[in-house]
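*Asks:* In order, the protein sequences belong to chains A and B. Numbering that gives the first Met the number 0 puts the first sequence at residues 0 to 327. Numbering that gives the first Met the number 0 puts the second sequence at residues 0 to 327.
Everything labelled a hint here was simulated from the structure, so no lab data went into it. Errors might be hidden in some of the hints.
[Claimed, not checked] Here are the simulated DSSO-like cross-link-like pairs (lysine-lysine), alpha carbons at most 30 Å apart as the crow flies:
| # | chain 1 | residue 1 | chain 2 | residue 2 |
| --- | --- | --- | --- | --- |
| 1 | A | Lys264 | B | Lys107 |
| 2 | A | Lys178 | A | Lys283 |
| 3 | B | Lys264 | A | Lys283 |
| 4 | A | Lys178 | B | Lys110 |
| 5 | A | Lys283 | B | Lys110 |
Number of protein chains: 2
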Amino acid sequence: MRSIHVALALLLSASPCLAQDKVVLVIHGGAGGLAKKSLTHEIDKRYRDALALALMAGHKAIKSGTSLDGVEAAIKTMEDSAVFNAGKGAVFNRDGRQELNSSIMDGKTRKAGAVAGINRIKNPISAARTIMEKSEHVFMIGEGAERYCRDQGLEMVSPLYFWTDSAWKELLQAEASAKRKAGALLKDPPHYGTVGAAACDSDGNLAAGTSTGGITYVGPGRVGDSPIIGAGTYAENAACAVSCTGKGELFIRQTVAVDIAMRVKYRGDALKKATDDVLRELPKIPGGAGGIIALDRNGNVAMAYSTNCLFRGTITQSGKIWVAIHEE
Amino acid sequence: MRSIHVALALLLSASPCLAQDKVVLVIHGGAGGLAKKSLTHEIDKRYRDALALALMAGHKAIKSGTSLDGVEAAIKTMEDSAVFNAGKGAVFNRDGRQELNSSIMDGKTRKAGAVAGINRIKNPISAARTIMEKSEHVFMIGEGAERYCRDQGLEMVSPLYFWTDSAWKELLQAEASAKRKAGALLKDPPHYGTVGAAACDSDGNLAAGTSTGGITYVGPGRVGDSPIIGAGTYAENAACAVSCTGKGELFIRQTVAVDIAMRVKYRGDALKKATDDVLRELPKIPGGAGGIIALDRNGNVAMAYSTNCLFRGTITQSGKIWVAIHEE
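Make the full structure from the sequences, and use the hints.
*Replies:* Rendered as structure tokens:
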């Protein structure tokens, strides 16, 4: 029975996303310094459950819709969970404010939407999609983006919606640490809690999206790679769909997401090789630069990280879920 | 004599920027719908003089410094001129405000700086460079970016500094036109007045930068490709330096600047071919998508546009200036 499946899979491998039970959605919930031995059962379960919920929501949306629906549903679920640093779980900057960033891209049309510096729209990923689909623009920031999305009927919230006890405690710790010793923050193992997704639907159309709540105690106005098309997010049917998490500055400078896609497109690199190489070529920093997920039309998946862990998971066409935090 | 020069140039063509009087700086002052027959002597002279001034300022800075100095000096000169839609010449958005955007990139280190949504820093290109060199970040927006740059000692101005009579008249015209007929704006020939530069210094290091004052009567918060590394600006010694102007949304979606660089780097495309191809592959829109300038370490220059004109110019190592607006 198994050998028949393998033969079928080989036969069908040229058909985008139609072969035997291929991965249709891959997600990440950030990369970080959390060591395997420090992972309590409680934290482990909390993240695994949150990843599985997002995978199921995305899977359902892809089945009844498109890869874009899947990316939005998976990321929205993670934004609402307060488990990750995105949406409800966003962290405070040095002004004691949240500045949320997100982007989404359609691999079929290469249309894209992105938003940065917002704290009144409940789901930044939906803001990015609304800008992509309803406006004549790609990228909107701050109050102008908020007003536009409100006029388009998106769910608005008070900035207080994003205030969580855990983000508040993190801010106080970071502030105390900064006062104790300049630069001490940099020595803590980094945690990049950004979330992201890459999906392929039954038409073989790819999509990718990313959403972040920033960095605790960061300078106001700083924008990372999450809302930058080509850096944190990229999707093109002829290449792949990519979402990144990590030290955003490095991902912008090396245009990580599109670099992976271009190696696949122009040089015929295998998806895994392109992803591993681009990550390895990033400047080295203590704790590691971050993590990347990628998916192509043939169901090939790449997941790479230079941190201790990457919260990640996949779901197949038939609904088989796999989640992981460290090397398995 | 001529054949000796040609032979020498061929002999030296492998040495970055050191061969016979190669181009060391290429600039643009936007692309647009202005037809050759509508170009009065006065407008022609105004633009050519402004381009020549910027080329001379950039040339001087490269001679005594680096390609980054050249890019900053050339763009600063254009920002201060009020001739182009950048810096002093920025246009008003639909709120009657200016939102200036800029970015710069160092081809040697692939470090970059970018800024968006500011109207209190006199020279956005210097803000981008300050963020690149002084902060741990790449991209900063809005008031947070302004506060950071003020603290770094950059020259600050009142938002009123950017109010010019011509931008004000353009806003009134656009508003009247929008009231008369929805969509009428789109039928006017587009003018993308963004400025940009690409330079190579005697060490063979490339740099690129872009600066814009937005689009008249555009929705507040909209950001185009100018501050996006990989879209409006990209520089990498192993490939080329690129600056774009045009319908920014298309340039973000197709990551124009880095796409050109990746075709050169991964596929060995000639710079001119890569530039022409990427421009041609942009979605077609009435009036044309925009223009691109690019320069590599060997002094190869590419300038392409799908609009009626591209305000552009080059200067060689010895100081020979060439400027053009239409096909020559």
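*Asks:* Hint by hint, note whether the structure agrees.
*Replies:* The hints, checked one at a time:
no.	hint	result
1	Lys264(A) to Lys107(B)	holds, 25 Å
2	Lys178(A) to Lys283(A)	holds, 27 Å
3	Lys264(B) to Lys283(A)	holds, 22 Å
4	Lys178(A) to Lys110(B)	holds, 29 Å
5	Lys283(A) to Lys110(B)	holds, 14 Å
Against the hints set out earlier in the document, no violation occurs for any number.
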